[in-house]
Amino acid sequence: MSTSLLNVEDLKVRFKTEDGIVPSVNGVTFHVDKGETVAIVGESGCGKSITSLSILDLIPSPGEIHHGRIDFNGTDLQAIKKKQLRKLRGNEISMIFQEPMTSLNPVFTIGNQISESIRLHQRLGKKKALMKSIEMLDRVGIPDAEAVVRRFPHQLSGGMRQRVMIAMALACNPKLLIADEPTTALDVTIQAQILELIKQLKTDFDTGVILITHDLGVVAEVADRVVVMYAGEVVEEAPVEELFANPKHPYTLGLLSSVPKAEHVVDELGTIEGNVPNPADMPEGCKFHPRCPFATDKCRNEHPELEQFDSNHKKRCFYDVEKGGVA
Amino acid sequence: MMNTTAAANRRPLIQVKDLKKHFPITRGLFNQTVGTVRAVDGIDLEVYEGETLGIVGESGCGKSTTGQMLLGLLPPSEGSVIFEGKDLTSLSKEELRLRRKDLQVIFQDPYSSLNPRMTIEQLVGEPLKIYGLKKGKALRDEVVRLLRVVGLDEHHLKRHPHEFSGGQRQRIGIARALALNPKVLICDEPVSALDVSIQAQILNLLKKLQREFNLTYVFIAHGLPAVRHISDRIAVMYLGKVVEITDRDSLFESPTHPYTEALLSAIPVADPTKRRTHKPLEGDLPNPSNPPSGCRFHTRCPYAQERCVKEEPSLVEYKPGHHAACHYPLGM
Chain A
1 MSTSLLNVED
11 LKVRFKTEDG
21 IVPSVNGVTF
31 HVDKGETVAI
41 VGESGCGKSI
51 TSLSILDLIP
61 SPGEIHHGRI
71 DFNGTDLQAI
81 KKKQLRKLRG
91 NEISMIFQEP
101 MTSLNPVFTI
111 GNQISESIRL
121 HQRLGKKKAL
131 MKSIEMLDRV
141 GIPDAEAVVR
151 RFPHQLSGGM
161 RQRVMIAMAL
171 ACNPKLLIAD
181 EPTTALDVTI
191 QAQILELIKQ
201 LKTDFDTGVI
211 LITHDLGVVA
221 EVADRVVVMY
231 AGEVVEEAPV
241 EELFANPKHP
251 YTLGLLSSVP
261 KAEHVVDELG
271 TIEGNVPNPA
281 DMPEGCKFHP
291 RCPFATDKCR
301 NEHPELEQFD
311 SNHKKRCFYD
321 VEKGGVA
Chain B
1 MMNTTAAANR
11 RPLIQVKDLK
21 KHFPITRGLF
31 NQTVGTVRAV
41 DGIDLEVYEG
51 ETLGIVGESG
61 CGKSTTGQML
71 LGLLPPSEGS
81 VIFEGKDLTS
91 LSKEELRLRR
101 KDLQVIFQDP
111 YSSLNPRMTI
121 EQLVGEPLKI
131 YGLKKGKALR
141 DEVVRLLRVV
151 GLDEHHLKRH
161 PHEFSGGQRQ
171 RIGIARALAL
181 NPKVLICDEP
191 VSALDVSIQA
201 QILNLLKKLQ
211 REFNLTYVFI
221 AHGLPAVRHI
231 SDRIAVMYLG
241 KVVEITDRDS
251 LFESPTHPYT
261 EALLSAIPVA
271 DPTKRRTHKP
281 LEGDLPNPSN
291 PPSGCRFHTR
301 CPYAQERCVK
311 EEPSLVEYKP
321 GHHAACHYPL
331 GM
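Just so you know, the sequences run in chain order A and B. Each residue of the first sequence is one higher than the one before, counting from 1 in my numbering. Each residue of the second sequence is one higher than the one before, counting from 1 in my numbering.
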């Protein structure tokens, strides 16, 4: 395990609200190796974004990490001082957000915004930092980069803005890139361009990537390993080919069958009945049991552990998909 | 299924002829017009009874504007929308109001399309009240029936929209749209705002309702897999024009327009063993206030030639039922 770039162990995040303590992430464990793309998949409210924000200690206010350990490159991120963490943010660990319009500052030029982190972390002068910004924009496939550095965010299209975000995130050659739904707001043709770019990072810079998404198509396209989350927990983890070929958790099965395929048409899509549970009112036992077609009394009463049943495949479920029955 | 029945009685329920919508761009103190955005720039479409026509394209291609003109919510700049033999653009306000009973809509965002202060009973009953069709107990019974049709029930009657999840709200929106027993439902991105597991529930529901009530759908979306799942025929739009229109299988299996080909190759396939290297389309969508000369796609088309820069291609039927607007259609 010491070889991994990032190690998240038993992470628990909760929000203190007026209505009491609401748990958001409940004991999430995963790791990311150098040059590896790990996808975190799940529906809204499953805690995937909160997990990624806690790595950079960016959880919004009433939220707090109250348990667990996050190791990056051998350093415990929670033990270090705020100042040291700031040195890592935007430098060794970068983040791309979903909405490229709201994550860029509208009153500064593109060049200004990319230069900021370069000047801060690499201690380059204004001119050199701007040169580097142009080089970065070039690298992410923005035509006429020298003109674009002088423009403001509103003058660019959504795809261009997202590429600016990526250029900014990559400006300091981060070791880890966290991409939170990087293509959700974009059209398919632009999405394809951005995904190509993320794939290239791996080969060019050996960057580790955490890709947070709900789009299984995107996962299949770029991920090496997949972590499936449901209601604040990891319910399944496997290499991407293994997960798509042999999904073991009923939730993963449901997700896979509910995706309409562009290649062929089925008469009726598989569905997962019901809705994602409210974090303030989690079901007893296995959190998925109210929506699970295979649930038994055991699932209703006992909480399954994340068990490693194969060298690279983990699941949190009593049910055996192959044998058909609860162990 | 629907394919054969739709083909058997080729009776267009809606006929769109040379439909255009131009929005003026105004600047300055006196709102001088400095240009026009050609959101929809001359499209011809037919929607047959009982079928689902999918309209796909990237943001800004004019698909939603088209949907609004089909509903008579937006007056076209030019052209006509003929619904059951009557031109919607020539109707008076009152005539249009009555016609609209047959043309209903489901919106994308179930969070902003329901009035938060109204109960579900009021929301679903509102269209029936407006048209004075039902009142009192009959109204309430009808609302309960509609809720059951979309998979909700009477104990939801007194609740407000905020008590429901996105998928349930979309069901409420559908119940509301069905209240007047319409012939046509225009679905504008009805599942894009929902989680995947919920998307499937709504798509299945829409299919079931179509069979039960013999509805005709115009399904507007940018997610191609969902469109393929539900549509019988699909129209692809680019910069205010229809570039290809055909039945769904020919579109996906043998696209004729280079833009369709590019769109299809950009869809991520949910199968890691079929990972391919995309040839992503270069560049962004051109500005619709100043579309490129000739074929609008020529600036991004990998096969563009001289002729494409100068001459605008018209929509030609290359194979029976398969129309494309391209000088050099693929596979011909």
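These are calculated hints, taken from the structure and not from any lab test. Please note that the accuracy of each hint is not assured.
[Said to hold, decoys possible] Quick look at which bits of chain B chain A covers, simulated, 3 or more residues with Cβ under 8 Å: (1) 202–210; (2) 257–270; (3) 280–288.
Glycine residues also receive a C-beta, built at the ideal position from the N, C-alpha and C atoms.
Hints and how they fare:
{"no.": "1", "hint": "202–210", "in the structure": "holds (count 3)"}
{"no.": "2", "hint": "257–270", "in the structure": "holds (count 9)"}
{"no.": "3", "hint": "280–288", "in the structure": "holds (count 5)"}
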